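K.L.:
In case you want the letters, here they are:
Protein chains: 2
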Amino acid sequence: MYILSSAELPAENQTKLKNAFPEETFVFCNNMDEASEFLLEANIIITYGEDLTENILDQASQLKWVMVIAAGIDKLPFEALNKRNILVTSAKGIHRAPMSEYVFMMLMLVYRQGKKLIENEKNKVWTRDIHMEEITGKSMLIAGTGVIGKEIAKVAKAFQMKTIGVSRSGRDISHFDKNIAREEMIHYLPEVDFVVSVLPSTPETKGFFQYEHFKAMQGHAVFINIGRGDTVRGEEILKAVRDKEIYHAVLDVFETEPLPSDDPFWEEENITVTTHLSGVSPHYHNRALDIFSENLKAFQEDRNELMNIVDTDKGY
Amino acid sequence: MYILSSAELPAENQTKLKNAFPEETFVFCNNMDEASEFLLEANIIITYGEDLTENILDQASQLKWVMVIAAGIDKLPFEALNKRNILVTSAKGIHRAPMSEYVFMMLMLVYRQGKKLIENEKNKVWTRDIHMEEITGKSMLIAGTGVIGKEIAKVAKAFQMKTIGVSRSGRDISHFDKNIAREEMIHYLPEVDFVVSVLPSTPETKGFFQYEHFKAMQGHAVFINIGRGDTVRGEEILKAVRDKEIYHAVLDVFETEPLPSDDPFWEEENITVTTHLSGVSPHYHNRALDIFSENLKAFQEDRNELMNIVDTDKGY
Numbered sequence: 001m002y003i004l005s006s007a008e009l010p011a012e013n014q015t016k017l018k019n020a021f022p023e024e025t026f027v028f029c030n031n032m033d034e035a036s037e038f039l040l041e042a043n044i045i046i047t048y049g050e051d052l053t054e055n056i057l058d059q060a061s062q063l064k065w066v067m068v069i070a071a072g073i074d075k076l077p078f079e080a081l082n083k084r085n086i087l088v089t090s091a092k093g094i095h096r097a098p099m100s101e102y103v104f105m106m107l108m109l110v111y112r113q114g115k116k117l118i119e120n121e122k123n124k125v126w127t128r129d130i131h132m133e134e135i136t137g138k139s140m141l142i143a144g145t146g147v148i149g150k151e152i153a154k155v156a157k158a159f160q161m162k163t164i165g166v167s168r169s170g171r172d173i174s175h176f177d178k179n180i181a182r183e184e185m186i187h188y189l190p191e192v193d194f195v196v197s198v199l200p201s202t203p204e205t206k207g208f209f210q211y212e213h214f215k216a217m218q219g220h221a222v223f224i225n226i227g228r229g230d231t232v233r234g235e236e237i238l239k240a241v242r243d244k245e246i247y248h249a250v251l252d253v254f255e256t257e258p259l260p261s262d263d264p265f266w267e268e269e270n271i272t273v274t275t276h277l278s279g280v281s282p283h284y285h286n287r288a289l290d291i292f293s294e295n296l297k298a299f300q301e302d303r304n305e306l307m308n309i310v311d312t313d314k315g316y
Numbered sequence: 001m002y003i004l005s006s007a008e009l010p011a012e013n014q015t016k017l018k019n020a021f022p023e024e025t026f027v028f029c030n031n032m033d034e035a036s037e038f039l040l041e042a043n044i045i046i047t048y049g050e051d052l053t054e055n056i057l058d059q060a061s062q063l064k065w066v067m068v069i070a071a072g073i074d075k076l077p078f079e080a081l082n083k084r085n086i087l088v089t090s091a092k093g094i095h096r097a098p099m100s101e102y103v104f105m106m107l108m109l110v111y112r113q114g115k116k117l118i119e120n121e122k123n124k125v126w127t128r129d130i131h132m133e134e135i136t137g138k139s140m141l142i143a144g145t146g147v148i149g150k151e152i153a154k155v156a157k158a159f160q161m162k163t164i165g166v167s168r169s170g171r172d173i174s175h176f177d178k179n180i181a182r183e184e185m186i187h188y189l190p191e192v193d194f195v196v197s198v199l200p201s202t203p204e205t206k207g208f209f210q211y212e213h214f215k216a217m218q219g220h221a222v223f224i225n226i227g228r229g230d231t232v233r234g235e236e237i238l239k240a241v242r243d244k245e246i247y248h249a250v251l252d253v254f255e256t257e258p259l260p261s262d263d264p265f266w267e268e269e270n271i272t273v274t275t276h277l278s279g280v281s282p283h284y285h286n287r288a289l290d291i292f293s294e295n296l297k298a299f300q301e302d303r304n305e306l307m308n309i310v311d312t313d314k315g316y
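Protein sequences appear in the order of chains R and C. Start counting the first sequence at 1; every next residue gets the next number (full-length UniProt numbering). Start counting the second sequence at 1; every next residue gets the next number (full-length UniProt numbering).
A few chain C residues that face chain R, going by a derived Cβ cut-off under 8 Å, partial list only:
hint : residue
1    : A97
2    : F104
3    : M105
4    : L109
5    : I118
6    : T127
7    : V155
These are computed hints drawn from the structure, not numbers from a lab. Computed from a prediction, not measured in an experiment: that's the story for all the values here. In this text, a Cβ means the ideal position worked out from N, Cα and C, and glycines have one as well.
Working from the sequences, and respecting the hints, build out all of it.
P.N.:
Written as C-alpha cells, this is what we have:
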C-alpha cells in the first residue's frame with residue numbers, strides 16, 4: 001500500500017514505521033503542499049486533519065483510509081468522505097494525560113494564587129499573608145465524558161471531589177459520582193464549584209454554553225474550556241466574568257484562533273488565556289502512531305477491528 | 001479549666017469554642033506578649049508552637065496541656081515539657097490537603113512550563129511551540145510517609161505514578177507501591193523522576209539530604225521540599241542545581257526563614273522559591289480547633305484517647 005503523510009513527523013517515528021511495515025510504501029511530507037504531488041497514488045493518508053479539503057480528496061482517487069493523528073476532527077470534509085465511503089480513524093484518547101494535567105494545573109494556579117506566588121518570587125517578597133483556597137473536596141462538573149473527561153474525573157476523585165458528568169445520554173460512567181444528560185445541566189450548575197468543558201465541535205455542541213449557564217453558576221465558580229472554542233460565544237464568557245456571575249474562566253480554545261492580539265480576553269484579570277496547548281505532550285507522536293500501527297495491522301489483515309473509527313455520517 | 005490561647009484566632013472560632021464549652025474559661029490573646037499576664041492561671045495553652053520557651057513554662061505553674069495548632073513542633077522546649085510531664089498534642093494532619101495540592105501545582109508549573117505560559121499570556125504571544133513534559137506515569141519518591149506523604153502518594157497514583165515511600169522502618173503503607181527504610185534511599189534515587197520531602201525537623205533528619213543524594217538523582221529530576229529547611233543544607237541544593245545533577249528544586253522551606261533577600265535561591269533559574277506556605281488553607285483554624293475540641297472532650301472526661309499526642313521524649 002501507498003501511505004502518504006502530510007503531517008510533519010519526527011524522524012524517529014518515520015524510521016519506526018518503515019521498520020515495522022517494510023512491505024508498505026511510505027512517503028513522508030511536511031505539509032499538504034509537499035504531499036499534493038503524491039495524492040494520486042495514496043491509499044492511506046496520515047494527516048493532522050486540518051489540511052484535507054474536498055479538492056484534495058478529489059485528487060486522491062485511490063484513497064481508502066484517512067488516519068487523523070489528532071483528537072479534533074471537526075475540520076474534515078465529512079460529506080465527501082462519506083460519499084466515497086473512505087474509512088476515517090482518529091487519535092482520540094492520546095490527549096487524556098496532558099489535558100487532565102492542564103485542568104488541575106490551571107485550576108490550582110487560579111485557586112491557590114499561583115500567579116501571585118510567581119510574582120512574589122520575582123520580587124523577592126517573603127510573605128505568608130496570601131489567601132489560598134483549596135480544590136480538595138470541591139465539586140466538578142465535566143461536560144463531555146469520553147476518555148479525556150473520564151481521566152479528569154479520576155484525578156478529581158483523588159482530590160476528593162464530587163464529580164458530575166454531562167453527556168448526550170446521561171448514562172453511568174466510571175469516576176463520575178453522577179451522570180446527567182445535557183439538557184439537565186442547568187439544574188446542577190448552582191451546586192458545583194468547577195465546570196470543565198471538553199466538548200468537541202459538532203452541530204449539537206455549537207454555542208452549547210450560554211449566558212444563562214454562567215448565571216446559574218456560583219460566584220466563586222471557575223469555568224475551564226479545553227474542548228472547542230465554538231461551544232461558547234466569547235462575549236458571553238466575558239460578560240459573565242465582568243458581571244461576576246463566575247469568579248474566573250480558564251480558556252485554552254477560542255472562536256478565532258490564534259486569538260487576536262486586541263481581544264479583551266488577554267487583559268481581563270479573571271480570565272486566563274493559554275494558546276490551545278492543553279494537549280501538548282512529548283509523547284504525542286508515539287501515542288498517535290501506535291494507534292495508527294495497530295490499525296494498519298488490522299487493515300492489512302482485513303480485520304474489522306480498527307480503533308477510533310469516525311462516523312463520517314455524524315461527524316464524530 | 002483555664003484555657004489560654006497565645007495564638008491569634010478568628011472571632012468565629014473563639015465564639016464556637018466558648019459555645020461548645022460554656023463551663024470552661026477561655027482567654028484569647030493575639031500573641032504571647034499579651035498572654036503572659038495570664039500564664040499563672042493557665043491549665044491549657046493553645047499556641048502556634050513558636051512562642052513557648054522554658055521561661056514561659058516556668059511562669060505557667062498550673063499548666064497540664066499544650067495544644068499546638070500547627071503541624072511543625074520542632075521549636076518546643078521538649079526537655080522542660082517532659083520533665084514536668086505536660087501533655088502536648090499537635091494539629092498533625094490538617095495540612096495534608098493544601099500540601100498535597102502544592103506539590104502537584106508546583107510540579108506541573110515546573111514540568112509543564114507554567115511560568116512560560118503566564119509570561120506568554122502577559123505578552124499576548126500566541127504560540128503552540130512549547131515543550132511541555134507530562135507528570136503522568138512518572139515515578140515519585142516521598143521521604144516521610146505520615147498523613148501528608150500518604151495524601152501526596154494517593155494523588156500521585158491518580159496520575160499513574162509509581163510511588164516509593166521512605167520512612168524510618170520501611171513498613172508497608174497504603175498508596176505506596178514500595179516502602180523503604182531511610183538508609184536504603186540512595187539506591188532508589190537513580191530510578192525516580194521526582195523526590196518530595198515532607199520530613200519534619202528532628203535530630204535524625206537534620207541534614208538528611210546530602211549532595212550524594214542529588215548526585216544519585218537523574219538529570220531531569222525535580223526535588224521538592226515542603227518539610228523543614230534544616231533537613232538539607234541550602235548550599236548543597238544550589239550546587240546540585242548548578243552542576244545540573246538535578247533539573248529543578250522547588251523549595252518552600254529554608255534553613256533561615258524568612259529567606260534573606262540576598263540569598264541566591266531567589267534568582268536561580270532552576271530553583272523555585274515559595275514562602276513557607278504550602279500548608280496555607282482557609283480551613284486551617286477550623287480543622288485545628290476541631291482536633292482541639294475533640295481532645296478537650298476526652299480531656300474533660302479523663303479519657304485516655306487524645307489525638308496527636310506528641311512524645312516529648314523523642315520530639316515527635
